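K.L.:
Top line first, the protein sequences correspond to chains A and B.
So in the working numbering, spot 69 of the first sequence is number 563, and the numbers just go up one at a time.
So in the working numbering, spot 174 of the second sequence is number 176, and the numbers just go up one at a time.
These are computed hints drawn from the structure, not numbers from a lab.
Model, not experiment: these values are computed from the prediction.
Be aware that a few hints might be false.
[Said to hold, decoys possible] Below, in silico cross-link-like pairs of lysine to any residue (SDA-like), each with a Cα-Cα straight-line distance of 25 Å or less:
{"no.": "1", "chain 1": "B", "residue 1": "Lys-108", "chain 2": "B", "residue 2": "Gln-10"}
{"no.": "2", "chain 1": "A", "residue 1": "Lys-758", "chain 2": "B", "residue 2": "Val-158"}
{"no.": "3", "chain 1": "A", "residue 1": "Lys-724", "chain 2": "A", "residue 2": "Gln-749"}
{"no.": "4", "chain 1": "A", "residue 1": "Lys-724", "chain 2": "A", "residue 2": "Thr-638"}
{"no.": "5", "chain 1": "A", "residue 1": "Lys-758", "chain 2": "A", "residue 2": "Leu-671"}
{"no.": "6", "chain 1": "B", "residue 1": "Lys-108", "chain 2": "B", "residue 2": "Phe-33"}
{"no.": "7", "chain 1": "A", "residue 1": "Lys-724", "chain 2": "B", "residue 2": "Leu-58"}
{"no.": "8", "chain 1": "A", "residue 1": "Lys-758", "chain 2": "B", "residue 2": "Phe-33"}
{"no.": "9", "chain 1": "A", "residue 1": "Lys-724", "chain 2": "A", "residue 2": "Asp-552"}
{"no.": "10", "chain 1": "A", "residue 1": "Lys-724", "chain 2": "A", "residue 2": "Leu-662"}
{"no.": "11", "chain 1": "B", "residue 1": "Lys-108", "chain 2": "B", "residue 2": "Leu-21"}
{"no.": "12", "chain 1": "A", "residue 1": "Lys-758", "chain 2": "B", "residue 2": "Pro-30"}
{"no.": "13", "chain 1": "A", "residue 1": "Lys-724", "chain 2": "A", "residue 2": "Lys-758"}
{"no.": "14", "chain 1": "A", "residue 1": "Lys-724", "chain 2": "B", "residue 2": "Lys-108"}
{"no.": "15", "chain 1": "A", "residue 1": "Lys-758", "chain 2": "B", "residue 2": "Thr-31"}
{"no.": "16", "chain 1": "A", "residue 1": "Lys-724", "chain 2": "B", "residue 2": "Arg-261"}
{"no.": "17", "chain 1": "A", "residue 1": "Lys-758", "chain 2": "A", "residue 2": "Leu-670"}
{"no.": "18", "chain 1": "A", "residue 1": "Lys-724", "chain 2": "B", "residue 2": "Gly-50"}
{"no.": "19", "chain 1": "A", "residue 1": "Lys-724", "chain 2": "B", "residue 2": "Ile-53"}
{"no.": "20", "chain 1": "B", "residue 1": "Lys-108", "chain 2": "B", "residue 2": "Arg-261"}
{"no.": "21", "chain 1": "B", "residue 1": "Lys-108", "chain 2": "B", "residue 2": "Ile-53"}
{"no.": "22", "chain 1": "A", "residue 1": "Lys-724", "chain 2": "B", "residue 2": "Ala-56"}
{"no.": "23", "chain 1": "A", "residue 1": "Lys-758", "chain 2": "B", "residue 2": "Gln-28"}
{"no.": "24", "chain 1": "B", "residue 1": "Lys-108", "chain 2": "B", "residue 2": "Tyr-29"}
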Amino acid sequence: MRGGGMLHVAVATRAFRRYSTYRAATLAGIFTNSVFGIIYSYAYIALWDANPTAGGYDQQDAVTYVWLGQALLMTIALWGGGTTDDLAERIRTGDIAIDLYRPVGLVGWYLASDLGRAAYHLLTRGLGPTLIGVVVFDIALPSTVVAGLAFAVSLVLAVVVSFAIRFLVASTAFWLLDQSGVKVMSGAFAIFFSGMMLPLVLFPGWLGTVANALPWASYVQVPADIWLGKHTGTDLVAALGFQVMWAVVLLAACQGVLRLATRKVVVQGG
Amino acid sequence: MASPEPAQHLRTYAQIAWLWIRAAWQYPTSFVLLAVGNGLITGLDFVGLWIMFAHLDDLAGFTLHEVALLYGSASLALAVADTAIGSVERIGTYIRTGRLDQMMTKPVPLLVQVCADQFTLRRLGRLTQATVVFGWACTYVDWTPLRVLVAVSMLVSGAMVFFGLFVGFSCVQFWTTDATEFANAFTYGGATVTQYPLNIFPREVMVGLTFVIPVAFVNWYPCLHLLGRTDPYGTPEAFQFASPLAGVLTMAAALLVWRTGVRHYTSTGS
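So here's chain B without its partners, still in its complex pose (with noise of 0.2 Å):
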């Protein structure tokens, strides 16, 4: 019989956010600030991106529309991943303060509380950022049932393989607890590089997108289904709609890295 526990699981979640919402909320101006701030970085990033078509017609055969494309669709499965569990990057301070521990005593499994804690909502900014630029890009597609499949599942598995990103390289702090920056390599790096059309890459580095840190399936290989064009190199069609695969396979991946890290997990000793 299927356990109603996901579900409760996803309740106690939602309880502990908003409890964190609440508590930001009791510096009002920099709750807003906060929220504008984080827009505006995002805003100013797709400015940054239209500057640079100032002085080119199209980035290694992609147009600032179809760029747009990548870019919004990369953003918000970034955005929605980062809201949802970015404060497990932070687990190398729970570890040293030994708040590991005292979480470890709750009845809420350990991934729910780290990823709930600290909630907060500052990432509104670049969820909204993200989503008008990939609104405004989806008006040049020529839709069609199936590319509107695909675009739902990109986002979908695009979310999932960050969410396996985040939480499968914030585990190295269970062995080194103040490297946090390293998982910035994967997370940020891998949404730096999917706004970017990947042929502007050398093909060993796309073969490494494509395998090693799947990024390249949040957007670039659906993205090309929905623009109707062929990978300049040449991969098979059908990695076009393996994004799903890519998403379920990088969680899994993290969730036994998780598991592994937290069995190795001795406490600080003090």
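Just chain A, with the same shape it has in the complex (with noise of 0.2 Å):
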């Protein structure tokens, strides 16, 4: 696709300014964050109190993981939606037609879209409760320059992740018109598997092994290790690598039902 960068950028910066205009709302999800943010804390304390080496973490970093989950949550869009809920829109109202007629990939579109809307929810919803999480309990920063290059990196796998998931959940719509049972189910999956409700570390046995090879430990429990630096050297390379290898995997399975799908819309008439 030549020619096809600016146009991604483009869309990218576009989807930034539409999130952007909904300040209050802004406002008002760093402020319910940040009071997830102070309960979990106070959660995690107490269990860190109790066992202080539980799954490896000591205090500070189980502190530190619940602010980076927090700042994570809206980026990576863990509950679905983000720009993938449009295109389930267009599908349910048959727009969707329209869109398959442009001479532009369907995926590349929406991922673009969707990378602008996280860059937007990263410096607002991601910063506002890494910066109270900072100053009211002293959580850990990235100790290497490494270890926060790769966490910037880690961070846009995970985006790219969660948006294949997410574009899988609204593909569904072309065969139920109806996302929404889909993404609860989804998001379901996302919130215990992601870490987000508990750090995968946790995870007793064959359980663990599980949740570490399922896609949505790309979502929290791999950038959040990053940044702890519990990956360095090769195993760094490898946590990196399980990003990309869910994510090249993910998009090709988007690629494929969205084959699927256009012939279906053909049948269907429209």
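Since each chain sits alone in its own frame, please combine them into the complex, following the hints.
P.N.:
Here is the structure:
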């Protein structure tokens, strides 16, 4: 796709601007994330008071993890939603037929748009709670430049993996017309298996093994562990490789599903 | 003479709710997935708590059974309130789209219409899960007639407190229409706080949860009585029986705020 780069940047920029319109909503969101951050911090402080080495974290790791989770919640659109909600709505109304005409790939278009959204949420809903965590709970910052940079890369990959899953969820509207049921199910898995509810390092035995292998681990657990400096050297490369692997597999799945669905739209007559 | 109005409002509420159930059933797959998904979210939520206890003997002195009692009762109270009147959260959308103006022209109290609007049974999932956890935890309680009474009044009062929080904080949207999430800090935040023994929080937070946002009365104080415990913070024993008072006061305050909000409301002007 020659010239596609500029187009996608333009799409991303506009998505960024679109989300930045809702200032009161953003402030309310930062407030709410921070309240939950405070609640979970005290819960984890109590947990690590009772067991100071649970999951290989110390108390500061655990509290840092809480605030990172709150900061990532909207950036990775953990509950679902984001720009893929527009896609689901266009499928339901049939407007998708027009989109499929366009000489731009649908996946790339929505991915660019979602990255723009994520950038906005990172700067507001991500940065806000993180600052409060730093000031009130003295959370840890990345200890090396490498860890900081790797975290940034990991964050982008987290958004891409999350986008691909949300795109697949939205695509179910081709068959079900309404994505909301699948979206809630998917959100439930995301909350649990991303480590948002409880760090995956606490998951015992086979449950831990399974959870760490599923794509949702890319959402919170992997970026957080990189931030905390739990991955270094080849281990760090492997962690990022894990995210890349899921990003590639899931984006390919998006293309595949879209091809299947397109055939269906044609059969349906639009 | 007592007017027959409340009964009639309830009937109108039921009629509107039934309408929405039938509408939702038009997408049966989504309907089922929504209910299952919501059950799953709350179910996994409890699994999270259970995993926490794999690393602990007790959380701030409370065993898994005791925490399950706290968790189940708070979740049940929230589920009842959320199912009945959770739609009030969307009042900002009604204002923005002008639907609130339409509702005002109808011969049914505004609050009844707003609460019944888009009534959804998907919260049955949470209701079921909360009932199971609460029922399980109840088998570990040494029941006396007084404790049964306290338990029943706890569930009713807890739902009333959440009713008050939902309605009261949703009213913020009369002044700023897109700050929906602000209320979540108090409603869902309140529900999250009450999943834990409240002595994990500092004393100042406890005071706030008792006198400002009285969620401590949803389950903490009455559960102390059910479990035959004294408050680690040494509050008077009378608090353990004061939940109904907290419920009535919260609800009254919320209705007052609602009335002020409706009076303040001047439509979007378009």
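K.L.:
Are the Cα atoms of Lys-758 (chain A) and Phe-33 (chain B) separated by 25 Å or less?
P.N.:
holds, 23 Å
K.L.:
For a C-alpha distance cap of 25 Å, please report whether Lys-108 (chain B) and Tyr-29 (chain B) respect it.
P.N.:
With a Cα-Cα distance of about 28 Å, the restraint between Lys-108 (chain B) and Tyr-29 (chain B) is violated, given a limit of 25 Å.
K.L.:
What's the verdict on Lys-108 (chain B) and Gln-10 (chain B), does the C-alpha distance respect the 25 Å limit or exceed it?
P.N.:
holds, 15 Å
K.L.:
For Lys-724 (chain A) and Ala-56 (chain B), compute the direct alpha-carbon distance and say whether it is at most 25 Å.
P.N.:
With a Cα-Cα distance of about 22 Å, the restraint between Lys-724 (chain A) and Ala-56 (chain B) holds, given a limit of 25 Å.
K.L.:
Taking 25 Å as the top limit, are the C-alpha atoms of Lys-758 (chain A) and Pro-30 (chain B) close enough?
P.N.:
OK: Lys-758 (chain A) and Pro-30 (chain B) at ~21 Å, within 25 Å.
K.L.:
For the pair we were handed, Lys-758 (chain A) and Leu-671 (chain A), check the Cα-Cα distance against 25 Å.
P.N.:
The hint holds at about 13 Å.
K.L.:
With a cut-off of 25 Å on the C-alpha distance, tell me whether Lys-758 (chain A) and Gln-28 (chain B) pass.
P.N.:
Holds, because 21 Å separates the two Cα atoms, which is no more than 25 Å.
K.L.:
Does the alpha-carbon distance linking Lys-108 (chain B) and Phe-33 (chain B) stay inside the 25 Å limit?
P.N.:
Violated: Lys-108 (chain B) and Phe-33 (chain B) sit about 29 Å apart, past 25 Å.
K.L.:
What's the verdict on Lys-758 (chain A) and Leu-670 (chain A), does the C-alpha distance respect the 25 Å limit or exceed it?
P.N.:
holds, 12 Å
K.L.:
Is the Cα-Cα distance between Lys-108 (chain B) and Arg-261 (chain B) 25 Å or less?
P.N.:
Holds, at roughly 17 Å.
K.L.:
Under the criterion that the straight-line Cα-Cα distance not exceed 25 Å, is the pair Lys-724 (chain A), Lys-108 (chain B) satisfied?
P.N.:
violated, 61 Å
K.L.:
Could you grab the alpha-carbon distance between Lys-724 (chain A) and Leu-58 (chain B) and see if it respects the 25 Å cut-off?
P.N.:
Given pair Lys-724 (chain A), Leu-58 (chain B) holds - Cα atoms ~23 Å apart, limit 25 Å.
Going through the hint list in order, the structure does not satisfy hints 2, 3, 6, 10, 13, 14, 16, 21 and 24.
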